[in-house]
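Colleague: Next come the chains, spelled out residue by residue.
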Amino acid sequence: MLEPAAYGIQTKKFVMWLFITADAATFGAILFGYGYLRYGSPNWSTPFAFSPTIINGLVMTVILLTSSLTMLFAVSSARAGERSTTIGWLGATIALGLLFAGLHLHEWFNMFHEGWSVSANPLGGSTLFGATFFSITGLHLLHVVSGVVAIGVIALMYQRGRLDASYIETTGLYWHFVDLVWMFVFPLVYLLNAH
Amino acid sequence: METADAHDSPSRNLYIGVWVGLILIVAIETTLTYAHLSSGMLLTVLLILAIVEAGIALRYFMHLKYEPPALTWTLVPAVVFALLMMNQFWADAQRMLNMRFPSP
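In order, the protein sequence lines correspond to chains W and F.
Quick note on numbering: my numbering labels position 188 of the first sequence as 188, and the sequence is numbered without any gaps.
Position in the second sequence (from 1) plus 1000 gives the number in my numbering.
Looking at chain W on its own, in the form it has when it is part of the complex:
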């Protein structure tokens, strides 16, 4: 006999929540590590100018928030059984995710060009700035790219009728979590390093 589902929700959704809980602790730990190193470094650099870095960060934030909105619309459409509309919203979410990743990589390459790396600070301050900045944003970017791939796979399988709406909702949970993490990364890593 099968056991009843925990908390009365689908098992795959519950497992996604458990993953999100563990991943939240991971991001929490890496942000605490950043705070620890920043607090303990007397020569911390605050290199970000309003233009272009903070403006770029604002645009990236709006893009990621909008991608959460399109993901919600995809879930609503999937629940209503509107298959082609669902695929359209999932496509919009993927496009916004790719745009976010593209802007992020563009920013990274600009910083590399200025002499920043995980072990170099062209301003002469603590090299830990680059180490923490690229670690935190890199881990987040990895989550974004993974999410784009996951949404693409789920969209293809949903289009072929092999998955139902619940899979889109579960994938949406992950995507909203990626958005939620950025709500901490942007103020703590970008705004607090603005000059």
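Among the hints, erroneous ones may be present.
One side only, chain F facing chain W, incomplete, derived with CB under 8 Å [stated by the list, open to error]: (1) G1021; (2) L1024; (3) L1043; (4) L1046; (5) V1079; (6) M1086; (7) A1093; (8) L1097; (9) M1099.
From the structure, some residues in chain F lie toward chain W, with a derived Cβ separation under 7 Å [stated by the list, open to error]: (10) Y1015; (11) T1033; (12) A1050; (13) E1053; (14) I1056; (15) P1068; (16) L1071; (17) L1083.
Everything labelled a hint here was simulated from the structure, so no lab data went into it.
These figures come from a predicted structure and were not determined experimentally.
No residue lacks a Cβ here, since even glycine has one placed at the ideal position from N, Cα and C.
Model the placement of chain F on the given structure of chain W, informed by the hints.
Modeller: Chain F alone, transformed into the frame defined by chain W:
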């Protein structure tokens, strides 16, 4: 046994309202960054606003508002507890800042 999740779905207008609200909070964060607050005050305010944003996203975007309350009461305190325990490191960061060897 799998059970279908039959929680109420919020309207698209509510989602758009929440999306606008979150963008407004980000705009407030950015404005405060250039309001010449002390670094401690700015950190506190930005953290509070980020937690408010996360709470809104959890409730409406991630639908925790529409899930059984027991799910929230299981998951959220666990994460909060783990994050609170990490605060023990601040004392060591203070030591790192103030107990350096003198430069030769």
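Colleague: Each hint: holds or not?
Modeller: Evaluation of the provided hints:
{"no.": "1", "hint": "G1021", "in the structure": "violated (10 Å)"}
{"no.": "2", "hint": "L1024", "in the structure": "violated (11 Å)"}
{"no.": "3", "hint": "L1043", "in the structure": "holds (7 Å)"}
{"no.": "4", "hint": "L1046", "in the structure": "holds (4 Å)"}
{"no.": "5", "hint": "V1079", "in the structure": "holds (5 Å)"}
{"no.": "6", "hint": "M1086", "in the structure": "holds (4 Å)"}
{"no.": "7", "hint": "A1093", "in the structure": "holds (4 Å)"}
{"no.": "8", "hint": "L1097", "in the structure": "holds (5 Å)"}
{"no.": "9", "hint": "M1099", "in the structure": "violated (10 Å)"}
{"no.": "10", "hint": "Y1015", "in the structure": "holds (5 Å)"}
{"no.": "11", "hint": "T1033", "in the structure": "holds (4 Å)"}
{"no.": "12", "hint": "A1050", "in the structure": "holds (5 Å)"}
{"no.": "13", "hint": "E1053", "in the structure": "holds (4 Å)"}
{"no.": "14", "hint": "I1056", "in the structure": "violated (9 Å)"}
{"no.": "15", "hint": "P1068", "in the structure": "holds (5 Å)"}
{"no.": "16", "hint": "L1071", "in the structure": "holds (5 Å)"}
{"no.": "17", "hint": "L1083", "in the structure": "holds (5 Å)"}
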